[in-house]
Structure formats: C-alpha cells, structure tokens
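**Q** Quick note, the sequences are listed as chains A and B, same order.
All residue numbers for the first sequence refer to this note's numbering, where the first residue is 1 and numbers rise by one.
All residue numbers for the second sequence refer to this note's numbering, where the first residue is 1 and numbers rise by one.
Some hints could be false.
If you want a taste of the chain B side facing chain A, the calculated C-beta under 10 Å gives, among others [stated by the list, open to error]: (1) 50; (2) 70; (3) 98; (4) 99; (5) 100; (6) 101; (7) 102; (8) 103; (9) 111; (10) 135.
Stretches of chain A that chain B covers, calculated by requiring three or more beta carbons in the stretch to come under 8 Å of a beta carbon on chain B [claimed, not checked]: (11) 97-105; (12) 232-245; (13) 287-299.
Here are a few chain A residues that sit away from chain B, every Cβ distance over 12 Å (derived from the structure) [stated by the list, open to error]: (14) 2; (15) 10; (16) 27; (17) 32; (18) 48; (19) 127; (20) 183; (21) 189; (22) 204; (23) 216; (24) 223; (25) 248; (26) 323; (27) 336.
To be clear, the hints were calculated from the coordinates, so they are not data collected in a lab.
Note that the Cβ used here is the ideal one computed from N, Cα and C, for glycine as well.
Here's the letter readout for the chains.
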Amino acid sequence: MANERRARRALLWLGLALVVLFLLSFSLGRYGVPPRQVVKILCARFWELFAGKGTLERTWAPEMETVVINIRLPRIVMACLVGCALSGAGTAFQGVFHNPMASPDILGASSGAAFGAALAILLGASTRMITLSAFGFGLLTVGLVMLVAHRAPGARLINLILAGIMLSSLFNAGTSYIKLVADPSNQLPQITYWLMGSLSGTRLADVPLAFFPMVLGLVPLFLLRWQLNLLSLGEQEARALGVDTHLVRLVLLLSATLVTAASVSVSGMIGWVGLVVPHLCRKLLGSDHRYLMPGSFLCGAAFLLLVDNVSRNLLAVEIPIGILTALVGAPFFLYLITRKEEKSCV
Amino acid sequence: MRLTIENLSFRYGGREVLHEISFTAEEGELLAILGPNGVGKTTLFKCVMGLERPCGGRILADGTDLSALSPRARAHRVALIPQVHPLSFRYSVFDMVLMGTSHSLSPLALPGERERAAARNALERLGISSLADRPFDRLSGGEQQLVFVARALAQQAKVLLMDEPTASLDYGNRLQVLGAARDLARDGYTVLLSTHDPQHALWFADRALALHQGRILAYGAPREVVTADLLQQLYGRRIALIDTEQGPVVVPQEGD
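Bound conformation, chain B alone:
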C-alpha cells in the first residue's frame, strides 16, 4: 500500500510544527525519518493515525483519504508501533497481540478462532511464539518492542508506523528490531520509521527523509540524504562520514 502525504500542515497553539510536507512512501519500502527532537516526527505519525487533526493537506493510502475514515477503517490500513512504555495492567503477550485484531470485530464481539490464528501467525512470524503465555511487563524492552510489531502484524494493516522503536533498547535489541522492520518491508509492508540515529537510516532504510523546522530538508536514497552538511544542519554538530566496504559510517568529530 502506498502512503502519500500531500501539503500536510500542522499547528500547535501558534507554532507551526509541520509546514506543507509532501512525500510518498512506496509499497515494500522502509522510509527512515530523521530529525532532532521536537521537529514534528511524532506529530506526523499522529496525523496519519488520526490522533491529531492537521490544519491543511491530505493523507492518502492507495488513493483513499484517511481523514474521512472511522478509527476502525483506518486501523485496517495503518498500524502504529509505539515506543515501549509501562502499562497499568498486566496482560499476557498473546492477549496483547490479540488486541491488534480488534478492528475486524464488532465493538460488542470477543475475538474468536480467526483472530487467535492471526495472533498466533504474527507471533510465529517474528519467532516469539515461546513468549505467548508470558506477562508482557516481564519481558525485556526488545521483546516488548517485538510484541508491538507482532500486534501490528496481527492487525493486518499494510502500512506500519514505527515511532522511534529503538529509543529505549540496547544495541543488540536495536539491530534485531530494525532487522525485523526491514524484513517486513521486503515482504511488502510500507514501513515508516523515525529514528535519532542517522546510522540506522544508512544501514536499514531504502529511503530517508530529513525534517527540520517543520520542513523537509532532504528526501531520497539514504546515502544522498545523510551527508556531513545535513547532519551539521540537523543537529548543530560536526559529524563526518567515512566510507567503508560495508557502506558509510557516521563518526562524530571531536573538538567542537
């Protein structure tokens, strides 16, 4: 499913958070969204999810305007994979994943065998079936993040939004979650992933988009987007890129 953002603007109070943003995420691609804190990455995702109402522009999924859809119809197309966060109540991993299937049910119905099968398949696909009966809050951060991914798969939406999925993970878990995101893109999902680490974009993304002060600063192949100049502009730090056989490596420059 192709996600098209057209001239999207968003204001919070008097401050313009997003200014006429336009871009397209193609089916089967992982699009990394870069930018410093407060630049509007999360706002962008919230607009796509219908959690915030943009003050201008359109968001289209395969030509359908998302703002016209009910939460259920929207959840059928777009899934959000939030950052790992504490929950008030304890649910098992299986129940967490099962909750992803809710949009296919009437609000008064309980999930049945079809929904259970979808949840089981999602867990299996990510190789975490063994966690099914464990309490969600007892998992490691990386496992919890994978459960959120599994929930999005059980949701069977073709567009996945990952809001800084690696923010609170250790190095190994980051690579695992990013690898899972890339594999999903290979399987035909459209994945939008916001990240603080430009290296992630270079390693895993098909395309990258840099947001700065509510505008798109650069958009294209990761190697073209992630340059020393751009990183200087985004983060106000001198950063070099060193070419290696495995691709460019981001290296902070000392002495500033």
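Just chain A, with the same shape it has in the complex:
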C-alpha cells in the first residue's frame, strides 16, 4: 500500500537524522571536538570493549576523550532515552485514551515524581536517592489512580482521567507545601531547579539507572503497537474485534507509566515532548501505530537531543531544558494544529 511505503521511507529518514544529530552533538560545546575525531574516539572505545584496552593508537588529546566519553556521551544518551521514553509514552496514552490531547502526565506520574523528588531533597537525600524517590512516588501515584478508577462505578477511562487530575493536584499541593517549609537558601533552589527539568550533570553511572526501566517499558509499547490501533477505536469496538481490552490496556498503561516515571526521575519535569512529538509524527507518518510508535521513539529522541543542544550552547549560562521544550513546543504545537490539512492519508 502506498501509505505504508511512505511511512517506511519517513521512518528511515528519521533514523538517519537521529544518527547524524547524535554524532554532531558531540562536537557542540565550548570545548570543540571535530566530528571526525568524535567518530574515531567512539569507534576506539567501542572496539576496546571487545578487544581490550590499549589495542588502538590514540591520535587525539586525552582531554578530548574525557569530554566526549565522560561529559557528553552520558548526557547525549540520556537526552535520547528521555525523549524516546516521553514521546513513546505520550503516543501510548493518546492511543489508549483515544484522545490526541493526552500526555504522559495524564495519570499523575510527573506530579508524583515531583513530590517524591522534593521530599527527598527536603530530607537531605543524595542524588541517587532523589532519583529513586521520584521514581517510586511516580509509580505509586499511578497505582493509586488505577485503584481509585477501578473502584469507581461508570466508564473506566473517564474515571482514570478524573482520578489522575485529582491525585495530581493533591501531590502538587504536597510539593508546594514542601517548597514552603524547605530551607530557602539551598533546598528551595534545588527543588525549583529540579522541577524545571535539566539533563546537566548526567553521569555515565546514571545511564543504566534510567536505561533498564525504560527498555522494560518501551519493549511492550513497541510490541503492542497493532493492538494500540484497535484500542484507539474505542473500548467496545476493540473488544468486538477480539482484543482483551482490560489486559492490553493495563499492560500499555503500566509500561507507559514506567518509562514516564523513569525519565522524570532522571531529568525532572520536561513537559511538551510527550504531547508535541506524537502530533508531529502523526503528520509525518500517519496514525497507524505500527509506524507511529517507532517514529515517536526516533523523533522524540532527536527532538530532545536537539533542544538539549540548544539548552547547553545558546547562552553562557545553561537554560533548563524544561523551559526550552515549552518555549519551542507550544508555538510549534500551535503551528501544527492551525496548519491546513492536506488531502492525503497522513
């Protein structure tokens, strides 16, 4: 079919763009590294993983390697992971709720994670503990939302959304209270900065912490993408077509929550990615989740990487990425929804 061929080609281009952007990102920064050296350093590192250390001659300065491997690599990988996770989760939520306005924080994962992080900062916990606390509270919130929705009579999807709104505002109130009682000289700025969302200070050791829960969530999202098409038709129609809607929806919501909580806990609140990227991908690839889901993964990774590059290079002082995604995301979203529709199947 013509639509599928076009979607496949677009996916290929997206993947290519991501690879180019990924490699270019290493060269960007106050300490310049030429792209050729970047490729050499990365290849050498990769090669050494298999062949052992010192098997390759080094033709670059040691500082260059430190910058590329220890400073930029973790941050670039993390930007890709978080972007991929947030937009994948956004696509899943939009499909499950068959509503293009849904975003990853719809079930309160972000609000819960923010509360968890603020609480950990208030108690003077280490960076690692802040991440874990954010992750735990993110999952806990969504668990509570699902429990409430399960017990309430009436339409399950509406109950989920209402319970999500209510518990979000409950945890937001908690976060506000923590800000009120936090020490204004060091804790309050730390909380505020965390809430803005940032990838600065990402270390190599942080990457696995985010990587495993994200993969655990992204794999089911990818595998269940055809079922997502059916779910997006609505509960009754999906069931009539043979989908075990309760089970499939539960797996999708849990997976999307897992990746959302994991990304919020390592990067803070980065809004808009989960809403804007799925919309952009729908314009590029169509609504068929067979292509939309992998497209969202790639496009989300590229989008956040691009914005993070701007965030660390635009001004002498780094701009928190959460501010930039909103600054870029909102106008871009307005452009997308006001753009005239084309007469094609995308």
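Chain B: place on chain A using the hints.
**A** The following block gives chain B in isolation, referenced to the frame of chain A:
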C-alpha cells in the same frame, strides 16, 4: 452458523431491559429486529458481543455458549458492524479493514500477508477496493458503513450483528447497505439487523422480530410480523399497510 438466544434477561440498575428473550437466527438468514428507542435492541447486541453481562439465559453459536469464550474466540464467531461514528485518529480504509483480522493473531504480532489477503478479499467482495488508500474519515457515511461491513468480512465470523446500520445514511446508501446485508445472508452468513424502519424489514429481511418493553411481541415472517396492529403497539401511531405488486408498503395515517 446458527445463533440461539435462550431466556436472555438483562437488568440495568433496577430496570429490566430484556425479559427472558428466546429466539433463533438460522444460518443464511437476515433477521430484522424492530422496536422503538430504548427497547433493548442495542443491549441485546452488546450481550451477544460480551460487552454486557446478561443476568440470566444463554447465548449459543452452533451450540457453543458464547459467555464462556475469550474476546478473541468470540470475535472468531461473531462480528459487530457498528453505526458510523467519528474516530479520534485517521486510518486508511485498508487499515480499518485489516483491523478485522486481529483476532487471528497473537496480541504481540502484526498482520502479515495472510491477513492482508483477507482484507483485500473483503474490500473486493463489497466492490470498494478503490477506496483502500483513502482516509476513512473522508468517506461518505454510506462508504464508511460499507467499510465496517468489509471489516466484519475480514474478521471471517459467520454471525454479523448490524446495529441500526442505516441510521445516519441517505436513502440511496440505506438501500445499498441493506442490499449488501441481504447478499451476505444469501452467501451463508447469519445476519441480525436492528432497524427503525419497518419497511426495511419487509423489503430485505427473511424474518422479523419485534421487541417491546423487553419482551418479544412478534416473531416470524416479515409480512406476518409487520402489521398495522403491531406498528400501532410499537410506535403508538396509526399506520396502514397497503398491498402492492411489489409487496406491502408502510403508510403513516394522517390526522392523529
């Protein structure tokens, strides 16, 4: 496939929507279900699809109790053709039809060549192959309804439930969709079709069933079921039936 409903009852809140309904739809027959709004036609279909749980009675497809089946196994036997309704996302006609084949796949699988062939055959059978690449939401109501029929065919279930398929269609599209339903019955499908228009039952159905206040008021050949008395009872209006060479015609009486 023969669909048997035995003593089916359904309550919603305290209100009894269906009261011990029993009837059988035979293989190769189009059964029209008549009745005013809120009489339980949609509820009946939902019970058959497993979307609602009846509080009593059984639903059998060739002797198999449907309530014991998983959604996938049920979708293998019974297909629902819903009313035309707006969708949140845009899918191509081909993808819409392809979704009908999902019950034959594992939940983690994507449709392959076998499923595509089933979708293509379904489109061809209804003569709408040319629509395959068009966006579903850009079609006319009649075309959308035919796509839903095609999806049910791709599903390869032998019992088709059509819930007021003509409700939002213009006159020409109604006749086309009803004609397609009758042709499918001729080809061996068991078609249950709910409708607001008694004339449809007279024109297209093999048998008719009239539901009133949760009970079956009449059940049999359309000409025996659709009578002036019955229509008076169902709709509270004086309606006459005039015999013509092409069969009886329903005519509302003026002055009431």
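**Q** Hey, does the residue 102(B) contact hint survive, CB to chain A under 10 Å?
**A** The hint holds - residue 102(B) has a Cβ within 10 Å of chain A, the shortest such distance being about 6 Å.
**Q** Are three or more residues of the stretch 232-245 of chain A within 8 Å, CB to CB, of chain B?
**A** holds (count 11)
**Q** Would you assess whether residue 336(A), listed as outside the interface, keeps its beta-carbon beyond 12 Å of every beta-carbon in chain B?
**A** Non-interface label on residue 336(A) holds, nearest chain B Cβ at 14 Å vs cutoff 12 Å.
**Q** Would you check whether residue 103(B) satisfies its interface hint, that is, whether its CB is within less than 10 Å of any CB in chain A?
**A** For residue 103(B), the interface hint holds, since the closest Cβ of chain A sits about 3 Å away, which is under 10 Å.
**Q** Are all beta-carbon distances from residue 248(A) to chain B longer than 12 Å?
**A** Not fine: 6 Å to the nearest Cβ puts residue 248(A) too close to chain B.
**Q** Does residue 111(B) pass the interface hint, meaning its C-beta sits closer than 10 Å to a C-beta of chain A?
**A** For residue 111(B), the interface hint holds, since the closest Cβ of chain A sits about 7 Å away, which is under 10 Å.
**Q** May I ask you to check that residue 216(A) keeps its beta-carbon over 12 Å from the closest beta-carbon of chain B?
**A** Correct as stated: the minimum Cβ-Cβ distance to chain B is 15 Å, above 12 Å.
**Q** Using Cβ atoms and 12 Å as the threshold, tell me whether residue 2(A) really stays out of contact range of chain B.
**A** 5 Å, violated
**Q** Is the nearest Cβ of chain B still more than 12 Å from the Cβ of residue 223(A)?
**A** Non-interface label fails for residue 223(A): nearest chain B Cβ at 5 Å, not farther than 12 Å.
**Q** Does the interface hint hold: is residue 99(B) within less than 10 Å of chain A, judged Cβ to Cβ?
**A** 6 Å, holds
**Q** Examine the stretch 97-105 of chain A for residues whose CB is less than 8 Å from any CB of chain B, and state whether their number is three or more.
**A** holds (count 3)
**Q** With a cut-off of 10 Å on the beta carbons, see whether residue 135(B) makes it to chain A.
**A** 5 Å, holds
Hint check: violations occur at hints 14, 24, 25; the rest are consistent with the structure.
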